[in-house]
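2 protein chains.
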Amino acid sequence: MLVHKPEQVKVTFQPVGTRTVVRAGATVLEAGREAGLILVANCGGNGLCGRCRVTILDGRAETPTRAEIEVLKKEELVAGQRLACRTTLYTDTSIHVPRITMGNQQRLQLDGRHAVFTVEACVQGHVIEVTKPAQKKTVSDFDRVTHSLEKAHGTVGSWCASPSVLRAVSRWMREPGQRFKLVTRANEVIGLVDGDKQLLGVAVDIGCTKIAAYLMDIETGKQLAACGIPNPQISFGEDLISRLVYARKGLHQAQELAHCVQAGINQLIRTLLQSLPESASAGPEQMADLCVVGNTAMVHLFLGMPTEGLLVAPFLAATTSSIDIRAVEAGIDLPNDVYVHVLPAIGAFVGADHVAMILANGLHQGNHVSLGVDIGTNTEIVLSRPDQGLLLTASCPAGPAFEGGHIQHGMRAAPGAIEKITLKEGCLAVQTVGGQPPLGLCGSGIIDAVALLWQMGAINFRGHLQSGTAGVRDGDSGKQFLLVEAENTGHGRDIVISQQDISEVQLAKAAVAASIKTLLKISKTDPDEIQELVLAGAFGSYLGVGSSINIGLLPDLPNATYQQVGNAAGIGAKMALVSAASREQAGRVARLATRVELKQQEGFNRELALATRFPVRQQEKDRHA
Amino acid sequence: MLVHKPEQVKVTFQPVGTRTVVRAGATVLEAGREAGLILVANCGGNGLCGRCRVTILDGRAETPTRAEIEVLKKEELVAGQRLACRTTLYTDTSIHVPRITMGNQQRLQLDGRHAVFTVEACVQGHVIEVTKPAQKKTVSDFDRVTHSLEKAHGTVGSWCASPSVLRAVSRWMREPGQRFKLVTRANEVIGLVDGDKQLLGVAVDIGCTKIAAYLMDIETGKQLAACGIPNPQISFGEDLISRLVYARKGLHQAQELAHCVQAGINQLIRTLLQSLPESASAGPEQMADLCVVGNTAMVHLFLGMPTEGLLVAPFLAATTSSIDIRAVEAGIDLPNDVYVHVLPAIGAFVGADHVAMILANGLHQGNHVSLGVDIGTNTEIVLSRPDQGLLLTASCPAGPAFEGGHIQHGMRAAPGAIEKITLKEGCLAVQTVGGQPPLGLCGSGIIDAVALLWQMGAINFRGHLQSGTAGVRDGDSGKQFLLVEAENTGHGRDIVISQQDISEVQLAKAAVAASIKTLLKISKTDPDEIQELVLAGAFGSYLGVGSSINIGLLPDLPNATYQQVGNAAGIGAKMALVSAASREQAGRVARLATRVELKQQEGFNRELALATRFPVRQQEKDRHA
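Top line first, the protein sequences correspond to chains D and B.
Position one of the first sequence corresponds to residue 1 (our numbering), numbered consecutively onward.
Position one of the second sequence corresponds to residue 1 (our numbering), numbered consecutively onward.
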């Protein structure tokens, strides 16, 4: 799309009286969405179904388009009726939305916090009652089906289908009295299912460590099952880089990595279907759509796309666009001509999972200033200022400390990992995963530990362990802090925090803190202005927010609420699966977002160095307050 | 599309001064085509490329659409510039077409007679010069390519590509200084070729007996090679019905028939490429598009679509729509993501080949009343009355007599077949295929023979051989006429025309004649009004037109020219391959055409019975004149 300065127009919707401001040139449908109204648009806003009728009360809209003249009756046109999806606005306008055009505003609570959206998937089902073909009119089987479609749903258009679907259609159309459900996607018939069977879809979040999949009823938007498996690529290297290096060896190796994820997704689909109770059992033929998110490297590896560019500067993705391909081309075994939709990415290190997170939390919408942070080895950050049309994104390599990597007694969040540490009556109390005797520290435990060391004065503002403080002693490789004595651990050895561990945490937290600070600086945003900080991802959800603020990992934002939202990427994927409008919005997020290359920002390195320090202690702040 | 009575508007194009009348609601681009002007429309008339700029001089056009506002600059909009493809006309309008918008009107003479068309294929090539990626801007490889596309060609849009194409794009984009040609189809990048290599396409006409293929340069529209092979399905039955019966046995059998044609097309593509001179050699990676025609049964068998409906009343095709599928899904082995386009059909017995014939001869255009006839075992007939917006089509099973079937000494048009018979100084003179001693009669020879029998008075108006006439004698199974004595034949046996042969010809010619007569009656067309009769297909091209009129196979049309146009279906396929406008017109032909079910027409059977008779002899007519 060519860019030209959008002017804004005010739109008022009657009889509800809702107002919104949109860019000049937006359609009434888009303005409705902005205003939180859900107008019926069966055809996906393509001017075909004629369902989104509205009347312009005052203000200047364009004269009717050809689509409108074709779809609307003459008397409707004369009465000023228009299609919301075709009518563009260039001046302040007042619009009447008849009751029939108002969607039923079905709002859905997915697993976790998310923005409001309408359930109306890209893939739709239409029940067809087979009648006997007329002897006099020799209409092809496919035309008979599409005519019923058009009659029953008011949709018109030029439909297409693959030979295998045409084969199935013909088989059914020869059985008068039967009923089946036609599965359509845009203008393509992609399959059909028996009788009234519900249409299913799967949302997939490909993580470096884990692949999560959610089985959804795409007609009602309800989640039916969820399931996760370790990413089978782990056998090629636990970290991303080793897998990228392996894929670089050749096409065969890249295919190997691709097949391995594809096989994982196939397995997840089988498991999801098997996990349904017998009363609600469903078969693979009911699968109608797939929606995939993941970081850019994961998505590239999943589709066997070239990843060489992701390994060397200037770090180029093969593509960041959304991708729609037949499931079979993506190695997913399903009957029917099901497609896989991969959400768009923003850049080589700000992937589709981040877009999904922004979508899930509606960070691009509304009018509040917010920060979104997905902390991990690679941390993605977004600063949203809808008031300025700004959506700044950046990624920073925080290193593996947050996942327990490079930490002497670090471990994953497995049973026995210390996940939380509190100070109880002057003594440290540890909480482990599964309540088992401690074996080591996972990310959130490490943050808590360092925060408490700082709180207790066991380290100074440069992070140096202070000899003579309780618990600090000399170890094999410099100073260390004794966290759990051998007799209380699961393996009979002391669990300590070393000076080196503290340095690792300092580097990691500095990367995140300096990145956030730089984004605030670029957008001239004062910390006071931030109204919300969203912490996404597994680590972000377990993180102690207080500890994080105390050590300066997260900024102390006086007017913000801190939200820990869990697997927001998965929620975004589910939304894009069951809502065409959400899928479209994901595209808008990717287009709207600006990638900030932090290392190219003046002063970033200085910020980074400063941010390794520890901020003023809580007590001291309180004393000053 | 909803139907409402179109009103007509007059359009004048300046500075050329051409005028035309189109239906209200037509776009300027469509009006231009009607007026014979070829306006540039790189994006295929989708409002994307901005090349079809025109200025409205007077008359009321709609206010600019959103696409126009996006593509045109503000000053251009203010100056009244519009996109011809987006501007719809509802009143008489005068339009200025700047020189830059006028296509170069490249008109092409394909092999045979055909309507005028523009060479501008659906698939396009765009040369990309690879530059070094900027270090500061991390734009994905694919985005860099599409940006160059947009910069060089003024096209904007949201592009997509499959992982395998993305892989190839990334590989090339890492080689600064190189150049390659990107192959696009609508908004998809379907492949790329080395440097400046030309893009090729193949037009295929799948006949029951023969598959013909034409290798075309789709950028210039030039034919590079042509080739034909017997349809390998012949091993499953020489006639259509036996193949349909075989396919009905099961999916496996249907697939067998499909693979067999697909293998034939793969072989043809290899042969076509190998037949190129070394100086113009080309590889399969240059193949960018395929366009296929054939009768409905052949198309169904080619794609493995269900054919059961074609065998029993009411004779239903699985589909008559045009089909676009990836070549690989149609069993065609080609690199890149090439598609196969199959032209739409009109009905179960009026196939894509007939649509291609109408397209090739422009029978749906212009303003003259015409008849198109493709004579064969199944004869298709079209009556076009553009003045009434009528395009009536019908098929009649004329039986195999025209192909030498069911005729005692009938044979295919192979060497030794009598193809022409003339009366020289009272004696019959035969001409054979290849000038070899006669072995039998092919279709055109049979028609000539019967016409001469009638001319000479050897048969009466009911077709009965008249004893006592020279050459008529008693044979084993009733009367017969001695055509060539044993001593003059290639096999040393007499070649005769039996009473039974004459009856077969009578049945066949009656079917064609009664069908034509019925179409004339339905459309209230007087034979005087017909200005052209087009005879298409192999048989129609060799047929003696005089003999055909004499025996009443073809009507005697006083004001018509008779055109024998050869393989018009193949020409139509070539046009639809190299011209997006022609492809679109094929769709229009299929939509516009009305199928007439002859057997359901009142009086058809009576016409059929009457048409078995022979008409008044030429001499007698002359005498009366």
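Hints listed in this document are in silico derivations from the structure and should not be mistaken for laboratory results.
Hints are supplied without guarantee of correctness; some may be wrong.
Unchecked claim - The list that follows gives simulated cross-link-like pairs (lysine-lysine, DSBU-like), each with its CA atoms no further than 35 Å apart:
#, chain 1, residue 1, chain 2, residue 2
1, D, Lys-151, B, Lys-524
2, B, Lys-420, D, Lys-132
3, B, Lys-197, D, Lys-521
4, B, Lys-197, D, Lys-599
5, B, Lys-73, D, Lys-10
6, B, Lys-249, B, Lys-599
7, D, Lys-524, B, Lys-132
8, B, Lys-151, B, Lys-222
9, B, Lys-222, D, Lys-151
10, D, Lys-210, D, Lys-249
11, B, Lys-424, B, Lys-524
12, B, Lys-517, D, Lys-521
13, D, Lys-73, B, Lys-524
14, B, Lys-151, D, Lys-599
15, D, Lys-249, B, Lys-249
16, D, Lys-132, B, Lys-197
17, D, Lys-517, B, Lys-521
18, B, Lys-599, B, Lys-420
19, B, Lys-599, D, Lys-151
20, D, Lys-524, B, Lys-73
21, D, Lys-132, B, Lys-599
22, D, Lys-132, B, Lys-517
message: Can you confirm whether the C-alpha distance between B/Lys-424 and B/Lys-524 stays at or below 35 Å?
response: violated, 41 Å
query: Given the hinted pair B/Lys-151 and D/Lys-599, is their alpha-carbon gap at most 35 Å?
result: holds, 29 Å
- prompt: Is the hinted pair D/Lys-524 and B/Lys-132 satisfied, with a Cα-Cα distance of at most 35 Å?
  reply: holds, 33 Å
query: Can the restraint linking D/Lys-151 and B/Lys-524 be considered satisfied, given a maximum Cα separation of 35 Å?
result: Holds, at roughly 33 Å.
query: Between B/Lys-73 and D/Lys-10, does the CA-CA distance stay at or below 35 Å?
result: With a Cα-Cα distance of about 24 Å, the restraint between B/Lys-73 and D/Lys-10 holds, given a limit of 35 Å.
query: Are the Cα atoms of D/Lys-132 and B/Lys-599 separated by 35 Å or less?
result: Distance ~21 Å between D/Lys-132 and B/Lys-599 Cα, so the pair holds.
field: Pairwise hint evaluation, D/Lys-132 against B/Lys-420, where the allowed Cα distance is 35 Å at most
entry: Measuring from Cα to Cα gives roughly 50 Å; hence the hint is violated.
query: Is B/Lys-599 within 35 Å of B/Lys-420, Cα to Cα?
result: Between B/Lys-599 and B/Lys-420 the Cα gap is close to 33 Å, so the pair holds against 35 Å.
query: Are B/Lys-249 and B/Lys-599 close enough, with their CA atoms no more than 35 Å apart?
result: Roughly 29 Å separates the two Cα atoms, so the pair holds.
message: Between the alpha carbons of D/Lys-524 and B/Lys-73, is the straight-line distance 35 Å or under?
response: Status holds; Cα separation ~33 Å.
message: Please verify whether D/Lys-132 and B/Lys-517 have alpha carbons no more than 35 Å apart.
response: holds, 32 Å
- request: Take the C-alpha atoms of B/Lys-599 and D/Lys-151, compute the straight-line distance between them, and say whether it is at most 35 Å.
  value: holds, 29 Å
Hint compliance for this structure: hints 2, 3, 4, 9, 11, 12, 15, 16, 17 are not met, and every other hint is.
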